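Asks: In this note's numbering, the protein residues as written are 56 to 213.
These aren't lab readings, by the way, just hints derived from the structure by calculation.
Predicted model, so just to flag it, every value in this text is computed and none were measured.
Heads up, the beta-carbon is just placed ideally off N, CA and C, and yes, glycines get one too.
It is possible that some hints are incorrect.
DEER-style ranges, computed between Cβ atoms [said to hold, decoys possible]: (1) S152 x S70: 31 to 41 Å; (2) G151 x D99: 21 to 31 Å; (3) E154 x E116: 32 to 42 Å; (4) T86 x L124: 16 to 26 Å; (5) S66 x F117: 31 to 41 Å; (6) G151 x R78: 30 to 40 Å; (7) F73 x E115: 30 to 40 Å; (8) I61 x D114: 35 to 45 Å; (9) R78 x R171: 32 to 42 Å; (10) S66 x D114: 34 to 44 Å; (11) D114 x G84: 33 to 43 Å; (12) D114 x G71: 37 to 47 Å; (13) E172 x R120: 33 to 43 Å; (14) Q155 x G71: 29 to 39 Å.
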Amino acid sequence: MAKTMIMDEISRRRSGEFREGRRVLLADGGTWAFPTAGQAWGLDSPEYQSLVRAVVEADEEFDRRLAELAMAIFLLGSNYELSPEDFQRLLTFEPGSPEQSAWGLALRGVIAEHVREAWFLDAQEVAAEPDGQNPRRGHFGVVPRWLDRWRSLAFSRR
56 MAKTMIMDEI SRRRSGEFRE GRRVLLADGG TWAFPTAGQA WGLDSPEYQS LVRAVVEADE
116 EFDRRLAELA MAIFLLGSNY ELSPEDFQRL LTFEPGSPEQ SAWGLALRGV IAEHVREAWF
176 LDAQEVAAEP DGQNPRRGHF GVVPRWLDRW RSLAFSRR
């Protein structure tokens with residue numbers, strides 16, 4: 056995979072809406088800000104709450120990673136004006152690379168903060184069963200629907 060050029064993070068910030076947060080190194084080689092849960096911004100939106108619940112309720116590794124990717128796109132999109140191609144450049148790593156592993160760990164940290172601060176979740180939703188399975192999975196279907204809607208909106212803006 057060819058090395059991508061670092062994108063200009065500052066010029067892509069949403070005017071008046073950018074919130075400095077936790078900085079994460081992305082695939083372009085630059086650091087980008089993921090808003091933290093404690094910042095005042097759309098935490099009461101049904102979209103955000105559904106994505107947090109999808110992460111919590113995912114009972115398989117693939118489902119959890121898909122939910123985390125959807126949440127990463129949501130969080131970056133709340134801070135930056137990015138096209139689908141931009142997201143692809145920022146979030147596509149060389150498979151198995153140290154950068155991909157570091158990004159995965161950093162992203163899980165960002166999302167874990169959002170889950171911990173999710174006032175709309177009760178303790179039963181956050182705590183997994185002793186066998187590691189969470190019996191409440193009702194919101195996971197929101198992730199594919201959210202990704203489909205996001206793609207259609209992103210392409211309709213062109």
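Asks: The structure should be examined with respect to each hint, and the outcome stated for every one.
Replies: Verification of the supplied hints:
1. Our hint of 31 to 41 Å for S152 and S70 holds, since their Cβ atoms are close to 34 Å apart.
2. Hint check: G151 to D99, Cβ distance near 39 Å, so the stated range 21 to 31 Å is violated.
3. Hint check: E154 to E116, Cβ distance near 20 Å, so the stated range 32 to 42 Å is violated.
4. At roughly 19 Å, the beta carbons of T86 and L124 sit within the given window of 16 to 26 Å.
5. At roughly 35 Å, the beta-carbon separation of S66 and F117 lies within the given 31 to 41 Å, and the hint holds.
6. Hint check: G151 to R78, Cβ distance near 24 Å, so the stated range 30 to 40 Å is violated.
7. Judged by the Cβ atoms, the range 30 to 40 Å given for F73 and E115 holds: they are separated by roughly 34 Å.
8. Taken as a hint, the range 35 to 45 Å holds for the pair I61 and D114, whose Cβ atoms sit roughly 37 Å apart.
9. Range check, R78 to R171: Cβ separation about 19 Å, and the 32 to 42 Å hint is violated.
10. For the pair S66 and D114, the beta carbons lie near 40 Å from each other, so the given range of 34 to 44 Å is met.
11. For the pair D114 and G84, the supplied restraint of 33 to 43 Å holds, since their beta-carbon distance comes to about 34 Å.
12. Separation of D114 from G71 is about 39 Å and conforms to the stated range, judged on CB atoms against 37 to 47 Å.
13. A hinted range of 33 to 43 Å for the beta carbons of E172 and R120 is inconsistent with their spacing of about 21 Å.
14. For the pair Q155 and G71, the supplied restraint of 29 to 39 Å holds, since their beta-carbon distance comes to about 33 Å.
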